[in-house]
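Enquirer: Sequences listed follow chains A and B, in order.
Per this note's numbering, residue 820 is the first one in the first sequence, and the count goes up by one each step.
Per this note's numbering, residue 820 is the first one in the second sequence, and the count goes up by one each step.
Since the hints were made in silico from the structure, they are not lab data.
A quick note: this is a predicted structure, and the numbers were derived from the prediction, not measured.
Among the clues, some could well be false.
The list treats identical chains as one, so a pair stands whether inside a single copy or across any two.
[To be verified] Listed below are the simulated DMTMM-like cross-link pairs for lysine to aspartate or glutamate, each with C-alpha atoms no more than 20 Å apart in a straight line:
hint : residue 1 : residue 2
1    : 843       : 1172
2    : 1160      : 835
3    : 1237      : 1184
4    : 1018      : 860
2 protein chains.
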Amino acid sequence: MANYKIINGTILTCLEKGLKTEEKTVFVRDGRISFQPFSEDEDFEVVDARRKLIMPGLINMHTHSYMTMMRNYADDVPFTDWLFNRVMPVEDNLPVEAAYWTSLLGCLEMITTGTTCFVDMHMYHRQAALAARDAGMRAYIGRGLVGEDLYGDGYSRYQQAMEEKEEFASDRLNFLLSPHAIYTCSEKLLVQIGEAAKKDGFLKQIHLSESMTEIEDCYKAHGKSPVAYLKDIGFLDADTILAHCVQMQEGDLDIIRNCGATIVTNVASNAKLGNGIAPLVDMREAGINVCVGTDGAASNNTLNMFREMGLLSLMHKAHTRDCLAIPSDYIVQMATCHAGKALKDKNIGSIHEGARADLVFVDLDSPSLFPNNNIISSLCYSANGSEVDSVMINGSFVMKNRDLLTIDKERVFFEVSKIVEANLIH
Amino acid sequence: MANYKIINGTILTCLEKGLKTEEKTVFVRDGRISFQPFSEDEDFEVVDARRKLIMPGLINMHTHSYMTMMRNYADDVPFTDWLFNRVMPVEDNLPVEAAYWTSLLGCLEMITTGTTCFVDMHMYHRQAALAARDAGMRAYIGRGLVGEDLYGDGYSRYQQAMEEKEEFASDRLNFLLSPHAIYTCSEKLLVQIGEAAKKDGFLKQIHLSESMTEIEDCYKAHGKSPVAYLKDIGFLDADTILAHCVQMQEGDLDIIRNCGATIVTNVASNAKLGNGIAPLVDMREAGINVCVGTDGAASNNTLNMFREMGLLSLMHKAHTRDCLAIPSDYIVQMATCHAGKALKDKNIGSIHEGARADLVFVDLDSPSLFPNNNIISSLCYSANGSEVDSVMINGSFVMKNRDLLTIDKERVFFEVSKIVEANLIH
Chain A
820 MANYKIINGT ILTCLEKGLK TEEKTVFVRD GRISFQPFSE DEDFEVVDAR RKLIMPGLIN
880 MHTHSYMTMM RNYADDVPFT DWLFNRVMPV EDNLPVEAAY WTSLLGCLEM ITTGTTCFVD
940 MHMYHRQAAL AARDAGMRAY IGRGLVGEDL YGDGYSRYQQ AMEEKEEFAS DRLNFLLSPH
1000 AIYTCSEKLL VQIGEAAKKD GFLKQIHLSE SMTEIEDCYK AHGKSPVAYL KDIGFLDADT
1060 ILAHCVQMQE GDLDIIRNCG ATIVTNVASN AKLGNGIAPL VDMREAGINV CVGTDGAASN
1120 NTLNMFREMG LLSLMHKAHT RDCLAIPSDY IVQMATCHAG KALKDKNIGS IHEGARADLV
1180 FVDLDSPSLF PNNNIISSLC YSANGSEVDS VMINGSFVMK NRDLLTIDKE RVFFEVSKIV
1240 EANLIH
Chain B
820 MANYKIINGT ILTCLEKGLK TEEKTVFVRD GRISFQPFSE DEDFEVVDAR RKLIMPGLIN
880 MHTHSYMTMM RNYADDVPFT DWLFNRVMPV EDNLPVEAAY WTSLLGCLEM ITTGTTCFVD
940 MHMYHRQAAL AARDAGMRAY IGRGLVGEDL YGDGYSRYQQ AMEEKEEFAS DRLNFLLSPH
1000 AIYTCSEKLL VQIGEAAKKD GFLKQIHLSE SMTEIEDCYK AHGKSPVAYL KDIGFLDADT
1060 ILAHCVQMQE GDLDIIRNCG ATIVTNVASN AKLGNGIAPL VDMREAGINV CVGTDGAASN
1120 NTLNMFREMG LLSLMHKAHT RDCLAIPSDY IVQMATCHAG KALKDKNIGS IHEGARADLV
1180 FVDLDSPSLF PNNNIISSLC YSANGSEVDS VMINGSFVMK NRDLLTIDKE RVFFEVSKIV
1240 EANLIH
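When you get a sec, could you build the whole thing from the sequences and use the hints?
Expert: So, in structure tokens, the structure goes:
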């Protein structure tokens, strides 16, 4: 692993009170950030970052990477048609090996648009892990769990998660437990997962309160909101990551704040599937840790976190008719240091002494960012993702001057084309 | 002017009932599109458009190009602070020549993101015309008119518009009359502009019903909505382009439809300034011709029409909680053929025999668009603007394989840097 001395750049620093930019030399030693110069007997390469912003890699906190094959496959159709007639028949028949290539396509898009780490949930967890490993990305991967009983049908999957945690053990790959949703998991299964996560040190992620149907069904079954239900069965805690939370009921945000759980908002997906707008302004005011996810490409239809950041702020400003709602500084923190907090790793999502060197180099001479009147603001309101020039993950470049170093784009496109041809219903 | 035979591409065709893609050879003869092969005695160059979508150039129907210098200059501040303390002091002191370079920066961003034509309004109309001329862009330019009387203080400006219409007369440059707003123009001035436009064959554009303050003030002054007021003074007709129309009152949409006026929606700007969300679903249902504008970079903060298209559909799907609201097919038409209709030129915004050759070549092997499950859909839901590979305007390439052919980027950045340094308040 090479060491780097990165000169002439502007770095984005996460402080307690917000973000700031400063001109500073960054040293990357053994995969970690340092501001201590190299000694005479250390080898290093010099990287000239003139006219570049060096920012923490973006963290996509909720996606389904293999679904990138379904980008624009089922747009502008009703949700039930989308799920039952378009997505599920493909999932049911997809050869498991195919998911390696389709996940790698997701990694490719994420890297080119400045994402260095993602949290993934689906049934092809092993292929997603292999794709992240080969792409050189940081990932937190969970097998979507459904059914009645973790120690019945589900146990093999839990054991597998444990074994994979061992097998893939590395600086970059992590596993978490991902029950799919309250309407696809029995109460018993959810309780078992909660207990297992505590015992074996897993984070857990679940889809929650995404649609009004889910809310209505939960009230019918349990007489309370999905959030209250999860709290009452002991599932909610500070190691819990809740994806969506669009339909928040009275008291829900207080419960989430008091448990210390994290919310991942997925603004494009929620919009695209007609689920509405999550109450981000209220979440922020409640002091909840909120992060950003793209969801899968089948419901977005891109894994571009820059597009998600701009959309987030504008969506909430429009919805509240308040031009001060959700400022850019907060948005950028949601996509970086908030995610580090949620993943219980203060060394990702931030540039500081000892942090993992997950760095994105943004070209400040991009037409979309020029003139650079306010760099932080431009990341939210002006950038489209194409300004990303280079990406380093865990101290290694995975893209440099827009050349992909870990992924063979032509090969991935070739393999995905074959998979699409064989599996999608056109 | 060279002729071109464009082979191996996929073209986007605008039909009565929507859009379709087809593989077809395009001939560009004397700046116009043809499907008739060249004869033996015609000279032409062959362009290989393999794996490219050839689509009509996007038309940005409302912007203030010189304001690109103020990108991210005043974000996340209250509207009055934005206007009176940040934007207006700069406008008051900007040397008129500076606006040439800052408008050219706007042209640069528009070309790189696939816009071939724009409608511009501000006080630096001459500099905008020169910038559009030099950039090789198609433009409709209007001097923002304010005050009491067209034939008093304003007459020199109207005369100037007439003279410039002569001076710049070309296939690409057009002028229109642009009264700023009902709250900055007297009734007399608006009536005079309406009459002059009819007499001398100008289109006209005005900011209308943008904020609630404008609505409230109009009811106080005239006892009716801004739309009803403009109708009653005879200003509204089929040659009228209404920018914004966010705050539509009872009956307003019927009036606009019956007059045959066009609405330009500016979703990012309306969101960013806290004005809310225009009722696009109702506008569409009413059968009104609706187009897309970015507004200026000071309130957006980009002139990227692809970003605007994605935002538009998602914003309205979220707001209405309807996943079928404003489909991608309609969005792409808003940004192309609807604009041709508004500008009374059926030969722009569409690829057909005899149309102006304003063509955008989109790289279908971009990570954001692959796999190409639905190309039209991907233009709205997946593209970020960086997929634009080449741009032809009026039969001449202004960008080819991502190289700008009419604009010297380094020179523009150098000049704009000096202007920003001297004029913005940091």
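Enquirer: A separate judgement is required for each hint: does it hold in the structure or not?
Expert: Evaluation of the provided hints:
1. 843 <-> 1172: Cα proximity of residue 843 and residue 1172: one copy only (13 Å, versus 57 Å across).
2. 1160 <-> 835: For residue 1160 and residue 835, only the intra-copy Cα distance (13 Å) is at most 20 Å; the inter-copy one is 53 Å.
3. 1237 <-> 1184: So residue 1237 and residue 1184 pass the 20 Å test across copies only (15 Å; inside, 38 Å).
4. 1018 <-> 860: neither (45 Å within a copy, 82 Å between copies)
Of the numbered hints given earlier, the model fails hint 4 alone.
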